[in-house]
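Asker: Residues per chain, in single letters:
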Amino acid sequence: MKILLIEDDSEAALYLIQALDEAGHVAHHASDGETGYAMASGMEYDVLIVDRMLPRRDGLSIVESLRAEDNQTPVLILSALGEVEDRVTGLRSGGDDYLTKPYAFSELLARIEVLARRSNPAEAATSHKVGDLTLDRLSREVTRNGEKILLQPREFRLLEYLMKHSGQVVTRTMLLENVWDYHFDPQTNVIDVHMSRLRAKIDRGHKTQLLQTVRGAGYMIRA
Amino acid sequence: MHKIVSLWRTTTVRFTAIFILIFIVFSVALLTYMAVRSSISIQQVQTREVVWEIRQLQNLNQRRGLRALAITVQRLASRPGPGVYYLGTPQGEMIAGNLDSIPSDILANEGRYSLRYTPQDAFGRAGVERDEAAPRARDSHAIVQSVILEGGLRLVVGRDVVERRDFTAIILGTMAVGLGGIIVLSAIAGVLMARHVLARIDTITATSNEIMSGNLSERVPVTRHNDEFDQLAINLNDMLDRIEKLMAGLKEVTDNVAHDLKTPLSRMRNRAEAALREGKKPQDHKKALEATIAESDQLISTFNALLLIARVEAGAVADSLQDVDVSEVVADVCELYGPVVEDAGAVLEAYITADIKVHANRELLSQALVNLLENAIKYATEQNKGSADDAKTGGKIIVSVKRKDDRIYIEVADNGPGIPDSDRQRVLERFVRLEKSRTEQGSGLGLSLVSAVVRLHKGTFRIEDADPGVRAIMVLPAKP
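Here the protein sequences line up with chains W and C, keeping their order. The first sequence begins at 1 in the working numbering and counts up by one. The second sequence begins at 1001 in the working numbering and counts up by one.
In case anyone wonders, no lab produced these hints; they're calculated from the structure. Please note that a few of the clues may not be correct.
Quick list of in silico lysine to aspartate or glutamate cross-link-like pairs, EDC-like style, CA-CA up to 20 Å [stated by the list, open to error]: (1) Lys-1378(C) / Asp-192(W); (2) Lys-101(W) / Glu-1342(C); (3) Lys-201(W) / Asp-1297(C); (4) Lys-1378(C) / Asp-185(W); (5) Lys-101(W) / Glu-1295(C); (6) Lys-1479(C) / Asp-1355(C).
When you get a sec, could you build the whole thing from the sequences and use the hints?
Answerer: Laid out in structure tokens, this is it:
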């Protein structure tokens, strides 16, 4: 995956580029807004990681300009401002996801991988299939190996989100944001409890465990 | 001198001066108009009288002859008043009247004339000095009508204008005196008013100076008049209250940040130092690093909580309030936490009245509720920790939402050990400010956030004895 990082803190950028490199991605770095904008509009990237506060040109205006030029490259906005309304302005300017500093690298990686995939047509699919597990978004039916599984509405949305991003790590925060629409981190392991219930419903009694815990990162559903 | 200059600078005095000026201009215009108008009107009346008298005298002459005419003229002339009469022969000899002599050109031709004359003394001489360069002080002035009667007799009838002039002079004199009075009185009123206003403003200025020099507890005095100055003072005081509260909040946040962040920071630093010491194996390093990351995550969440509390208390998120269905918000949180409560071996019961709307921030309200629920879970399950056989039963949490009149009650109750009476007061005292119990896991700021969120929504928060256990109650104003 080809990534452009626009970030003025050179130490943080260096660390991030190294880590992305280790994760198997190619990352370019721009240290100010103007350079970043020039690079983003001049080259093809799979994902842009844009810091909100940048010298010479702020992150949101870069995203706005790119969107105005019909450049639909997925953008992850990084910011120290984490309140709900900051997030809303960030997303309204054309960003696809918003991550508050400081963050865990695993969180960033999971989010950009999901973002890069987001531009694929899988988004509009009416049903998802992972191994012998299928989820029909229209009839709201879930079956495994032909056997119907009864899920609560929220469990359905949880599974739907996981299956939409099958093969990719989704973090607890991502689940809380996308399935429950909460943007705070509870002290207790709420997500783990819900995941173990979902796992009991879809994996119990089957040889292959589809729902996997990725240590230190989150969860993944994979055949 | 300085006082006068500073008085002049006040808006009140300047306004007063402007108003006096406008008033003077208006009064002068009005009185002048009045004087001119009445002068003209008197003149018209006099002219009509003269014309009428002449006609009567002409009739008299025709019907009764010269003798009767002469007697009547003499009678008229001897009446006191502004009347001026002359009856003479064509040769210029006076027959009757109160004018001794008249310039011959007036007698020669009929018409209206302006005549300067010396009024006749009771029986003394009188003279006519028409067009003299410097008329004497006693000179009079009359408008006369000259006619030639049948038989060539000359009749002159007129009215002295001095009386008319006197009337105008009286009006103008009144005007001068009146205006003088107006100017003096309104100047005094203006100065008094300005001094009064100035005195009120001076107290406000003095208070604000006091406050600017650092004494935030000072307040602007409010009188009992309930006038616009009192309104201003009340508003200023409200503003000061708010500022003082914010400052106190800021100080508290700073103190808490110092405590909450320094302790784990120094722990982290110690751990890193220990890991660097010689004789450590690679897995020790890994463990130390993992512990450091965990510690910094905890730090970040504490920091976020502190920032959020500060922002909520500062009212920075007040614009983000929208119409929110509280019933739904509470139901969502219960749904999220239901399995957690179950796993912890407790029961969650929810009694939610549907369709209750509040002007609120969904995110903050949810977070406050999550904090209360997490506390309740901790307490409800604590009860059973001692007894190993019956480990995971008995804990019970009741969440309810109901509306009573224009208040909405959101309650989270547990049946844990509760808080001893002696401590409950302390707990309540604590979260009035920031909660200080930080020995437990978590940021220890949960109740402080709840309290701040409730205040943001203009509600109240209290903790009651649920016997057994604790009941936390958020009371919010309902949307009308």
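Asker: Now look at each hint and say whether the structure bears it out.
Answerer: Each hint, compared with the structure:
Of the pairs offered as hints, the one joining Lys-1378(C) and Asp-192(W) holds, with about 17 Å between alpha carbons and a cut-off of 20 Å not exceeded. Proximity of Lys-101(W) to Glu-1342(C) is assessed by CA-CA distance (about 34 Å); at most 20 Å being required, the pair is judged violated. Only pairs whose Cα atoms come within 20 Å are accepted, and Lys-201(W) paired with Asp-1297(C) is rejected, the gap being roughly 32 Å. For the proposed pair Lys-1378(C) and Asp-185(W), the alpha carbon gap of about 17 Å is at most 20 Å, so the pair holds.
For a cut-off of 20 Å, the pair hint linking Lys-101(W) to Glu-1295(C) stands: about 16 Å separates their Cα positions. Between Lys-1479(C) and Asp-1355(C) the alpha-carbon distance is near 11 Å, which keeps this suggested pair within the 20 Å criterion.
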